[in-house]
Structures are given as C-alpha cells and as structure tokens.
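Visitor: Chain by chain, the residues:
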Amino acid sequence: MLKFTQEHEWVRIEGDVATVGITQHAQERLGDLVFVELPEVGKSFAKGALSAVVESVKAASEVYAPIGGEVIAANPAIVADPSLVNSDPMGAGWFFKLKVADPLEVDALMDEADYKALLG
Amino acid sequence: MMAQPAPAAPAAPAAPALKHTPLHALHLEMGARMAPFAGYDMPIQYALGVLKEHLHTRVAAGLFDVSHMGQIVLRPRSGKVADAAQALERVVPVDVLGLRPARQRYAFFTNGSGGIIDDLMIGQCGDHLALIVNASRNAIDERHLRDALSDVCTVEVLEDRALLALQGPAAEAVLARLSLSSAAMRFMDIRSVLIAGASCLVSRSGYTGEDGFEISVPARDVEKLARTLLQDAAVTLIGLGARDSLRTEAGLCLYGSDINESTTPVEAALEWAIQKVRRRGGARAGNFPGADVVLEQIERGAPRCRVGLKPRQRTPVRAGVLLYADACASQSVGVVTSGTFGPSAAGPVAMGYVPRALSAPNTLLFADVRGNRLPVEVMELPFVAHRYKRT
Chain A
1 MLKFTQEHEW VRIEGDVATV GITQHAQERL GDLVFVELPE VGKSFAKGAL SAVVESVKAA
61 SEVYAPIGGE VIAANPAIVA DPSLVNSDPM GAGWFFKLKV ADPLEVDALM DEADYKALLG
Chain B
1001 MMAQPAPAAP AAPAAPALKH TPLHALHLEM GARMAPFAGY DMPIQYALGV LKEHLHTRVA
1061 AGLFDVSHMG QIVLRPRSGK VADAAQALER VVPVDVLGLR PARQRYAFFT NGSGGIIDDL
1121 MIGQCGDHLA LIVNASRNAI DERHLRDALS DVCTVEVLED RALLALQGPA AEAVLARLSL
1181 SSAAMRFMDI RSVLIAGASC LVSRSGYTGE DGFEISVPAR DVEKLARTLL QDAAVTLIGL
1241 GARDSLRTEA GLCLYGSDIN ESTTPVEAAL EWAIQKVRRR GGARAGNFPG ADVVLEQIER
1301 GAPRCRVGLK PRQRTPVRAG VLLYADACAS QSVGVVTSGT FGPSAAGPVA MGYVPRALSA
1361 PNTLLFADVR GNRLPVEVME LPFVAHRYKR T
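Sequence order for the protein chains is A and B. Reminder that position 16 of the first sequence reads as 16 in my numbering, one-by-one numbering, no gaps. Reminder that position 209 of the second sequence reads as 1209 in my numbering, one-by-one numbering, no gaps.
Next comes chain A alone, as it looks inside the complex (with noise of 0.2 Å):
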C-alpha cells in the first residue's frame, strides 16, 4: 500500500512497517542534494516531529514524520550519496522505516490518486 502526504512524502505500507521517502515532486522543487541528515534507529517520534534533513546548495530543509513510529532502518546510502534521492526518490533513495504505531495514522494519509489531485 502507497500513501502520501501534502508535505509532499511517500509512505509504503508493508505489515506494520512503513518506509519513508520523498517524492518526484519533491526532488524537483529541491533540486540536486548535497547534504541528507537522518534519524538514528531505535529513536521515537510522533506524527508531525521533525525526522530528516535535506539539503542543497541553496537551502535546508526538514522532513517531518507522516506518522508515528520507532525508527528501525535509515538508508546509509543517500548519506553517503545524497543524489541518490534525485535520481530514484521512490526507490533507491528511501530514507528510513518506522514500526507503525497508529494504524489510524496510516488510514488518515492521502492515496495516490488524491495526492496527484493535490499537484494539478
């Protein structure tokens, strides 16, 4: 199950774990990264609190939790190559994966077709 945010984050649902990403209209509105910070795993947040960082030449900017959750994996790749995230930001550039706390949560995010509704 693929979910979206306004903030323009990708959610994939697998059992209770959901993987993180941003999106393709993310990537582009940011432009080429240079710089990903991410949450270290066994760390706790609820929805909304800040989780990542990204940057490029030009500005930072943060990543807040879609949903609630413990942080069990953060991708080492995009650290090491933050252009990771430009060229596949669905795939190869996930950023990190929580245990779903709130199923609710999960219900509350958008599908994909709102959320492609959302970019016009």
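If you're looking for bench data, these hints aren't it; they were derived computationally from the structure. Heads up, the beta-carbon is just placed ideally off N, CA and C, and yes, glycines get one too. Incorrect hints may have been included.
To be verified - Chain B residues, not near chain A, derived (Cβ > 12 Å throughout): (1) 1194; (2) 1224; (3) 1377; (4) 1387.
Claimed, not checked - DMTMM-like cross-link-like pairs, simulated, lysine to aspartate or glutamate; straight-line CA separation at most 20 Å: (5) B/1052 / A/28; (6) B/1224 / B/1159; (7) B/1052 / A/81.
We have chain A; now place chain B onto it with these hints.
Guide: Using the frame of chain A, we list chain B on its own:
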C-alpha cells in the same frame, strides 16, 4: 518538508510590483525559477539547477543577468575627471585620483562610524567615472552621491542600460569571437567596446573568483547580445543561486549579509582596498566618513573580523548560525554571515565574524546547527583560488 523552497506563493496583493530586467522574457523562456531579489523578479536557477550551474561556470562559461545592479555616472562639471575623482574620495576611503584611465577599482561608501553603506566598483572612463552599485542600495547611494558631490559632479543613474556578467575559464575565448579588444583586456581593465553592434562598456572583472567580464549594454541591445553569447556551446545561463555559492567559495562579501552599516572595512577584512595614500601618513589620508574609526582599526586591529570557516563535517553551516569557543559554552562568540555547500570545494564553506583573538587560521570553533555543536575551523579565504587574468 520543503519548508524553505516551497513553490512560490502568489504575491500578496499589497506587495509593490516587482521590477523586471530587460531579459525577463528570456529567463522565462529558458525555464528559470524566479524569485524576488532587491525589488526585482530575478532568476534563481534555470533547468540545469544550482549545483550544475555552479560547476559549469568553473569549467566553461556562465552568463549572468545582473541588470538589477545600479549603474551610476559621475561627470565633472569642470570637464576634468580628476575633479570627479577627488570629489568621490570624500565618500570612499580608496585612491580614486590615482586610478588610471581605463582601469577599475573596488571601493565602499562608509558612514560616520566607519560602517559600510554599500560596496561598489569605480571605473575611470577618461572624461567620467562609471560606478556599479548593489541593487538594494542604489537609491541610497544616489542620494548620498548627490548630497556629497553635486557641487563638483553631475550624478546620473543609468536607467536604460543592462548588465551581463560572463564568467569562467572559457569567457575569454567566447568573447574573443565577438570582440578581440575585449579579450586583450587584463583584470580590472575597463573600456568602451562595440560588441555585435552594441555600444558596450566592458570590464574584466566579476564576482565568482573566475576570470571573466562584466558588460554594460544598452537595454534595447541586451537580449540580442545574450542570445548571441548563448549560441556558443561553452555558455549557459546561470541564476542567482549559483552566483551566491560561487562568490562564497571565492570569499567575496554579499552586501546585507557579510557587510552592512555596522561592519567596518577592517572588520570585514577589506582593508586591502584602502590604499596607502588614504591611510595615516598618506598624502590624502582620511577625509572620508568614519576615517577616525577605520584608520585607527587599520593600525591597531578591529575587535572582530570576518574569517573563512571550514566545517569539519558534511553538514552545511548557513547564515545566522552562532559560533561558540567550545562544545558546551553557553555564550556565543560569533556568527556565520554566509554559508553554503561549495560544489567546487566539495564540502560546506562559510564566512562569519569572530573576535580577533579567535581569528587565526586553524582556530577550532563550534557552530550550533539544529542544536548540535559542529566543529569548524577558521580558514584563510578564498576556499577556491581566484583565477583572475592579471598578466
């Protein structure tokens, strides 16, 4: 996410209309992402993006529309340019009288406490002086010049001229195809040249640290000239985003960020631009606003100074970040005034103000980024060596 580079919101109805440069339509045609800058709707980047535009400028040639900058002509009422030069020395601490014809020099207007009202370029054009000032300070500078020099000079702000910068190692070869005399110029030369039929004032200068040219051209001719230059495969348009990362790597000040009315030239590490003749013991020492403060600081040092800052880690350290003497100090000792990721430096680069006692190269400081104290080292500027065509 995307708190900062969010898609541009519609302008608030009360906001004054943004001005356009004569190349506005070309920017839109070339896919520019536009944003307000100093009252103008300016291209921040084109389709290539800031990172690749930056790197392109360092290996080939970048074309920048800097038509928002102010162009001011000082014409001596006496007809003698030395009179205009001497009058201009009332408001800048540099040697204008000694500037030879067809040469240009960096300068700044100072206020009564030695702060910087604006930084500018002064060109000696035979019978007049040609000034280039910052867009955000143009009106202030014009008033300042009229108040201080009107007895000796007429002050004319040129409204019908555009300004292009062609920067990078390929700039000379590109311009040589259109103007051999331009290509023969050396760093800080300035002269009138006909390029592609347009009457231009060309200087061999720029603000990227690279060799290159600034071309003042009549507004009606600029689009044709820009399109002609862009026909060269080495040339691509570069936005203000890359202009900022290029000048930061080159250790050059941005007015309003690194220098302002409360920073003196000595604090800003710009005393190299104050020639001996205007310092204590010089033939025309002082006699500019704030001379007491500035000349005293040249001899005794300023309490704080602008330095290069090299973060040890990959995290960019940006403007506004506070600096600390150690990892747990509660009182900050300085502040970052420019900071970015330097594509050519292949890592973060920054500049900021620190107390003189902490300004020696290799001094270790800590930058507070999102609550983490990150080690940064004071480093001599620039981060990327200048490649001006001096000889």
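Visitor: For each hint, tell me whether it holds in the structure or not.
Guide: Hints versus structure:
no.	hint	result
1	1194	holds (37 Å)
2	1224	holds (30 Å)
3	1377	holds (18 Å)
4	1387	holds (20 Å)
5	B/1052 / A/28	holds (14 Å)
6	B/1224 / B/1159	holds (19 Å)
7	B/1052 / A/81	holds (16 Å)
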